[in-house]
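With the hints as extra help, turn the sequences into a complete structure.
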Amino acid sequence: MDIYGPKSHPPSLSLSKLQSFTTQMASSPPNSPNPPANSPTAMAPPDPKPDAQSGTDAEDWTAAQKEALQAHLSARRTARTTDARLSLPTPQRLLVGTSTAFLVGLTLGGSHGFSLAGLRFRAENAHRLPKEPTGWYLYHKSKNYRMMLEGVREGVRMGGGWRCGRCCFWGRRRCGMW
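Here the sequence shown stands for residues 1 to 178, where the numbers follow the UniProt record's numbering.
Worth flagging that the hints you see were computed from the coordinates, not collected in a lab. Do not take every clue at face value.
So the derived label-pair ranges between C-beta atoms look like this [stated by the list, open to error]: (1) Leu94 - Glu124: 41 to 49 Å; (2) Met148 - Trp61: 23 to 31 Å; (3) His112 - Trp61: 37 to 45 Å; (4) His127 - Leu149: 21 to 29 Å; (5) Pro91 - Leu138: 46 to 54 Å; (6) Gly161 - Arg77: 33 to 41 Å; (7) Cys175 - Asn125: 17 to 25 Å; (8) Leu94 - Ala123: 38 to 46 Å; (9) Lys141 - Leu94: 38 to 46 Å; (10) Ser99 - Cys175: 17 to 25 Å; (11) Glu67 - Val152: 47 to 55 Å; (12) Thr100 - Lys141: 14 to 22 Å; (13) Ser99 - Trp61: 17 to 25 Å; (14) Arg172 - Leu103: 18 to 26 Å.
It should be emphasised that the depicted structure is a prediction, and the values quoted were computed from it without experimental measurement. Just so you know, even glycine gets a beta-carbon here, dropped at the ideal spot from N, CA and C.
Structure below.
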């Protein structure tokens, strides 16, 4: 048992399903890719996929094989996501978490950089304010341009920092170092 709880393994098929599946496979034709019911491989959980070398397609599968495949995939999917945080497997959770952290950092850093650049521009140009309407237009145009540029730059910087921080945090949690 680790800090995340007991290790989860995909549940195997139930005994009744396994017995019905093996009896059905025993009655299949002799050239069938599935083993007979008395062979040792028939006692293991069946591989619902036919032999890839026989050239069979999904259309050649019996209804029982399709049902067994569906049950097998559903059981694996459920076991993989039941105990996971946010009901997502680790790679998807890492992608969603770091992307969200980047967007939050981009938004907060952008707004902070935007306002800071506006104050910086006013402080740098306080000694030479324009006197004409055309000068005021150009003053505000260049001020807004610098605010936008610095806001995007600061937003990407802060978003990248938050993304790296979240990735390191969740990666360490996944590896059991935290």
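Q) If you check the beta carbons of serine 99 and tryptophan 61, does the distance land in 17 to 25 Å? A) Given a distance of about 38 Å, which is not inside 17 to 25 Å, the answer is violated.
(Q) Quick check on a hinted range of 47 to 55 Å for glutamate 67 and valine 152, using CB atoms only. (A) Holds, since glutamate 67 and valine 152 (Cβ atoms, about 54 Å apart) stay within the stated range.
Q.
Taking 14 to 22 Å as the stated bounds, is the beta-carbon spacing between threonine 100 and lysine 141 within them?
A. 34 Å, violated
(Q) Between the beta carbons of cysteine 175 and asparagine 125, is the distance compatible with 17 to 25 Å? (A) 51 Å, violated
Q. Okay, proline 91 versus leucine 138 on CB: inside 46 to 54 Å?
A. Hint holds: Cβ distance 51 Å, inside 46 to 54 Å.
**Q.** Whether the CB-CB distance between lysine 141 and leucine 94 falls inside 38 to 46 Å
**A.** Because 42 Å falls inside the window, the suggested range holds.
Q | Supplied distance hint 23 to 31 Å, evaluated on CB atoms of methionine 148 and tryptophan 61 | A | 58 Å, violated
Q) Is it true that the C-beta distance of serine 99 to cysteine 175 lies inside 17 to 25 Å, as the hint says? A) 21 Å, holds
Q: Take the C-beta atom of leucine 94 and the C-beta atom of alanine 123, compute their distance, and say whether it sits inside 38 to 46 Å.
A: 42 Å, holds
Q: Go ahead and decide if the range 18 to 26 Å is satisfied by the Cβ distance of arginine 172 to leucine 103.
A: Given about 22 Å between the Cβ atoms, the range holds.
Q) Taking the beta carbons of histidine 112 and tryptophan 61, is their distance inside 37 to 45 Å? A) With Cβ atoms ~59 Å apart, the hint is violated.
Q.
Taking 41 to 49 Å as the stated bounds, is the beta-carbon spacing between leucine 94 and glutamate 124 within them?
A. 42 Å, holds
In summary, the numbered hints that this structure violates are 2, 3, 7, 12 and 13.
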